Amino acid sequence: MNAPLLETRGLSKAFGGITATEGVDLDVGEGKIHAVIGPNGAGKTTLIAQLAGMLAPDSGRIIFAGRDITRLPTHARARLGIARSFQITSIFHAMSVLDNTLLAVQAHDGHSYRFWRRARRDKRLTGPAMAALEQVGLGHKAASNASGLSHGEHRQLEIAMALAGASKLLLLDEPMAGMGAEESARMVVLLRGLKETKSILLIEHDMDVVFALADRITVMVDGKAIASGKPEQIRADENVRRAYLGMEGPGETIGDA
Amino acid sequence: MRIHKMGLISVATAAIMGAAVLAAPALAADKVKIGFVTTLTTPAAVIGNDMKDAFDLANEHIGGTMAGLEIEIIYEDDGFKPEIGKQKTDKLVKQDDVDFITGYIWSHVLLASRKSALDAGKFMISANAGPSQLAGKLCHKNFFSTSWQNDQTPMALGEVLNQRGVKSLYIMSPNYAAGKNMAAGVERTFKGEIKGKDMTKWGKDAQLDFSAELAKAKASGTEAIFVFYPGKAGGAFIKQYMQAGLNESIPLYTVYTVDALSLPKFQKAEMKGVLGSLATQFWSPDLDTPQNEKFVSAFLAKYGRYPSFYAAQSYDTLFFIKSAVEAVGGDLTNMDGMRAAMEKADYPSVRGPYSYGNNHFPIQNFYLREAATDSEGRWTTKIVSTVYSNHQDVYAKECKL
Amino acid sequence: MEWVLFVSQLLNGLQLGVLLFLLAAGLTLVFGIMDFVNLAHGSLYMMGAYFCVTLTSALGSFPLAVLLAVILTFILGIAVELIVSRHLYQRDHLDQVLATFGLILFFNGAVHLIWGPEGNPIALPDYLNGRISLPAGIEIPTFRLVIIAIGLAVAVGLIWLVTKTRMGMLIRAGASNRRMAGALGVDIRKLFTLVFALGAAMAGLAGMMIAPITEANIGMGDDILIVAFVVIIIGGIGSIRGAFIAALLVGMIDVMGRSYLDDFMKLIMDNQSAETASPALSAMAIYILMAGILYFRPRGLFPPRHR
Amino acid sequence: MHPPVRLGVRIAVLLALAVLPALTGALDQPFLLDLALRIMILATAAVSLNLILGYGGMISFGHAAYIGIGAYAVGIPAYYGEYSGYVQLPLAIGAGALFALVTGYICLRTKGVYFIMITLAFAQMAYFAFVSIEEYGGDDGLVIEQRSEFTGIIDMESTHQFYYVVLVFLVGALYLVSRIVNARFGMAVQGAKDNDQRMQSLGFDTFRYRLACYVIAGAMAAAAGWLMGNYNYFFSPEMMGWTHSGELIFMVVLGGAGSLFGPLYGAIVLIILEEQLSSATVYWPLILGAILIAVVLFARGGLEGMLAKLERRK
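Protein chains in written order, with the numbering used here: chain A, 1 to 257; chain B, 1 to 401; chain C, 1 to 307; chain D, 1 to 314.
Chain A with its partners taken away, still in its complex shape:
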């Protein structure tokens, strides 16, 4: 097996006295979907924030494509190929749908100190941007204002932005949150289709989705990764069953620590 695309070793972060993540080791392989599950407050979003560079870990290392990126700022990581979607939709509300993806393309097409040519007439930007929109099924909405989209469309747009960025690793924080069953199903198909070109680190509460998509699963409880393995291993793991799966049905949450 090749070296994983993303590795973390002993990643720890505390706020005041409260531990958010503690000694997390994670390996995301190339071309894989790696899901992280756990109850609310287990530290999943904090983990993503550290991977994306929005929080600095107190200790531990992050290695991406063989390079230590622990101290790199967010934008530098993004340029290396890490794209993030947000738990709460994070798009450019004042801009059109196309502009949103256009910015994602622009981010990876050299620097933006270009003051004269009109960006919206630049085929190098609009081409890939439209392609990403078509891929998620938003092509017909390209000219609409982003704030006018439905909730599900917002999530689709987020994915389109992650795609347009030509990134290697997508960090997806609950991409299905608040979606209807039909929209969810479409998203599952979409994500599965991405596997050929991207690796995905997925945080998701919907266990049906997780077990349908994930190649590997890591379970986090109270900031610690208590188990990691293939879906069937996780399903069989006694610790996990006790701590999480067994107590309540899939898709439910436990506690609010």
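In case anyone wonders, no lab produced these hints; they're calculated from the structure.
Because the structure is a prediction, the values reported are computed rather than measured.
Using N, Cα and C, we set each Cβ at its ideal position, and we do this for glycine too.
A couple of the hints might just be wrong.
[Claimed, not checked] Result set (DSS-like, lysine-lysine): computed pairs, CA atoms no more than 25 angstroms apart in a straight line:
1) B/Lys195 / C/Lys190
2) C/Lys266 / B/Lys197
3) B/Lys191 / C/Lys266
4) B/Lys218 / C/Lys266
5) B/Lys137 / B/Lys397
6) B/Lys167 / C/Lys266
[Stated by the list, open to error] Reference excerpt, derived from the structure (chain B facing chain D, CB under 7 angstroms, subset only):
7) Leu40
8) Asp77
9) Asp90
10) Lys91
11) Lys94
12) Ala177
[Said to hold, decoys possible] Derived DEER-like restraints, expressed as beta-carbon distance ranges:
13) C/Ala58 / D/Gln146: 55 to 65 angstroms
14) C/Phe296 / A/Ser147: 15 to 25 angstroms
15) B/Gly337 / D/Glu157: 26 to 36 angstroms
16) D/Lys111 / C/Ile288: 12 to 22 angstroms
17) D/Glu157 / B/Lys397: 24 to 34 angstroms
18) D/Glu82 / C/Arg241: 48 to 58 angstroms
19) C/Trp160 / A/Asp25: 45 to 55 angstroms
20) A/Gly148 / D/Glu135: 54 to 64 angstroms
21) C/Trp115 / D/Gln146: 43 to 53 angstroms
22) C/Val156 / D/Ile133: 37 to 47 angstroms
23) D/Glu157 / A/Trp116: 27 to 37 angstroms
Position chains B, C and D relative to chain A; hints supplied.
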């Protein structure tokens, strides 16, 4: 909602139309037009109103005509800002096509407006501001002052201190050009020791709390304090000087601080300690000239208060203009004739006769005056002695006229 | 003798500090809770002073006038909140800046119309107009001590109100999370009105305290407003404690800069340059302080935990 | 199809400005030209402020400092006898850009109101610094005897030629901003205004783009200051005061922040209102204040916003 918006649009449109309509063309010269730029908003409007009142009074005394021409006065507010002062000056000389432009309390407003007025070929007469530049290098054949040059009054005060045997002095003044001129003026003539000097913040957010400076002055062991705080800062300073009890131990000498604008307020606040404080000035309400008596009594009768020196200068200005217009028989195109007349200063000035230097600043007397009570119990200033006779400012030699 | 001067200056700094606190407290609460940039806060300071001018001469009693004027400013605060501010909480800061600048112009014009352009003095009763001798030959005007006492009393009262009472809990909740305060089941609109009026009354009180020293003037609030903003920025927006500490800090730095900077500058440069440089530098001091603090702590000294 | 109200107004305003010198000559109204000059110069500065404020979300409360810096770049060389426009103009732009670079580097670490206040702080520092420099007139400022020289090309002393120089700067500023905001750079800056965190996670170093934008705006405003110094024949620290910074913000917001022509409309309406009201009554702040409040409460999006609504309604 819609009504409001339509209202706004019409206000905006009206404003734009108004700019065009109000800009009515100037009429032929059967009038003498005088533009008067002063400060009519902000607290400094106290000064502007005093000047305006005196100018109106002068117009009344003249009977509204000079050399058979009707007088039209247009007042404009400079808002205490040089830029606005310049804009108003532009309006007066270009749109209203005035023959004389006067007023100007503040040095920076005058400096900013100067070129607009002089380039348009108008006579510009400062009724107050006297920055050193205009007395020296920037003097101009069409610029006159009916007031004084900044340095003169404090120089006279330094002389007073020497005469009275004061050995040490503490100076406080605002940190701007006139303030620096005042401090420099007194330092130029005072022969004793300067115990300390505080230049306090001035301008938009001027410092009005002088507790720290007063504590320093007290600790310095000085014999006397000199201050220059015009306008609202003056009242604030004097009050705190009293509240700190310094009036019992360290006498106060001032320029342009204890005047007809501030004294009624001190009286209202019953701050008796200010009586007896000494200041120098080219003029005082009790100065014994026929013109001054007429001016002060009429001003008192009409407005119920003593005129300030700003008022005196403004009152003079109209008579000064009248002397020029009458000298050429109302021919306002005869600039040379009017200028020659003005250079003679041949008009009844409230300060008595004076002459003009080459830089068109007055050569005049300076007096020591004391805050005192008049026969009716009102607080005013009275002349103690003459400090300088026919004193000329020191910048005149830099003027190439 | 030297340290007598130093202690006098400390007291002067303290007096300026508590005055700034009175002004800044309301500003930081309104800002922190309603996220409302109120440039017109200084106008309320001015209105307080003018109310006090009129009432003092009408009633002949300064303390009584202050009492009534504080109530009047409180009512004025309610009126301003209901008529203008309330409609601006949901707008962005730019709209708020524009509208409240409009309020400044409006109040300045109104005062000019009603009271005229001249400064209005307030005559203090004799028992406030004297001086008090402290040990070791320190003398301080009685009224300045009164300002310090009133300012500290209000500060203590306010901190008690904010930390110990139910209303204070709501205010703190509001300052850190507006939605949560709403979720606690309070009538948030009433709370806003109350906080705004309370801030207005404190600003008005500050105006009443300064007017006997400097007179009530048109635009007096605009001048000090910027300094009050500096205070709340340094302290951290929404923090009463921060406002208090920053106000004392700014007061001390201002007074000490004016007292000692020129002597200090004379040590490192010639007298002439020191005389020119030190007034400019002491005027700049608080801005340098603010820029420096924001460089290291971009949200002030005591930012509320969550926004 | 909506009628092109906004386009029509834009063309009408620019045309009116272009023919104004001929018009004022014919009507014998030279003062209108002075008013128009002041409006256009301040509008140029407001357009530059709009670039950072309207498009970049950076509310600078210290923009007047750049006008002062530009004006001093006319005055200080002139004080030493250097009148060449080829020296003064680049000096103004360079000094403005440098001041923006240094202060922007510190200011842009903060956000929101903290940013507003720290920009104000730097402008105040510049203000007090120039007050204390007695050599250049301190608080009183200095006058210059002639405008910048472009020998053989333009005679800046001629009112009409100077007028068209100013008009060219205004139109140039508008065109420049319209290109910048639609280019990749402008997209990046607007994205950072909309959602800074998202921009960073896309891979943009938003701090640098903001800083670059801040520097461009500073340089443009200093150029406007260069015009202002020439127009006034006078410069003083007062030009840097915070009330002037406030005035620029009002022009932008009144006209409509983030719309290309908004700052120009704002400048026209604000200055004409001020001029007319202040000549009519000393209580003009009362009226202007009420108008400002009404505009904010009832006319969202400023004048451009009103025009846009008009366009949709018809």
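Going down the list of hints, with the structure as the test:
| no. | hint | result |
| --- | --- | --- |
| 1 | B/Lys195 / C/Lys190 | violated, 58 angstroms |
| 2 | C/Lys266 / B/Lys197 | holds, 13 angstroms |
| 3 | B/Lys191 / C/Lys266 | holds, 23 angstroms |
| 4 | B/Lys218 / C/Lys266 | holds, 21 angstroms |
| 5 | B/Lys137 / B/Lys397 | holds, 9 angstroms |
| 6 | B/Lys167 / C/Lys266 | holds, 24 angstroms |
| 7 | Leu40 | holds, 5 angstroms |
| 8 | Asp77 | holds, 6 angstroms |
| 9 | Asp90 | holds, 4 angstroms |
| 10 | Lys91 | holds, 5 angstroms |
| 11 | Lys94 | holds, 4 angstroms |
| 12 | Ala177 | holds, 4 angstroms |
| 13 | C/Ala58 / D/Gln146: 55 to 65 angstroms | holds, 59 angstroms |
| 14 | C/Phe296 / A/Ser147: 15 to 25 angstroms | violated, 37 angstroms |
| 15 | B/Gly337 / D/Glu157: 26 to 36 angstroms | holds, 29 angstroms |
| 16 | D/Lys111 / C/Ile288: 12 to 22 angstroms | holds, 21 angstroms |
| 17 | D/Glu157 / B/Lys397: 24 to 34 angstroms | holds, 30 angstroms |
| 18 | D/Glu82 / C/Arg241: 48 to 58 angstroms | holds, 54 angstroms |
| 19 | C/Trp160 / A/Asp25: 45 to 55 angstroms | holds, 51 angstroms |
| 20 | A/Gly148 / D/Glu135: 54 to 64 angstroms | holds, 59 angstroms |
| 21 | C/Trp115 / D/Gln146: 43 to 53 angstroms | holds, 46 angstroms |
| 22 | C/Val156 / D/Ile133: 37 to 47 angstroms | holds, 45 angstroms |
| 23 | D/Glu157 / A/Trp116: 27 to 37 angstroms | holds, 34 angstroms |
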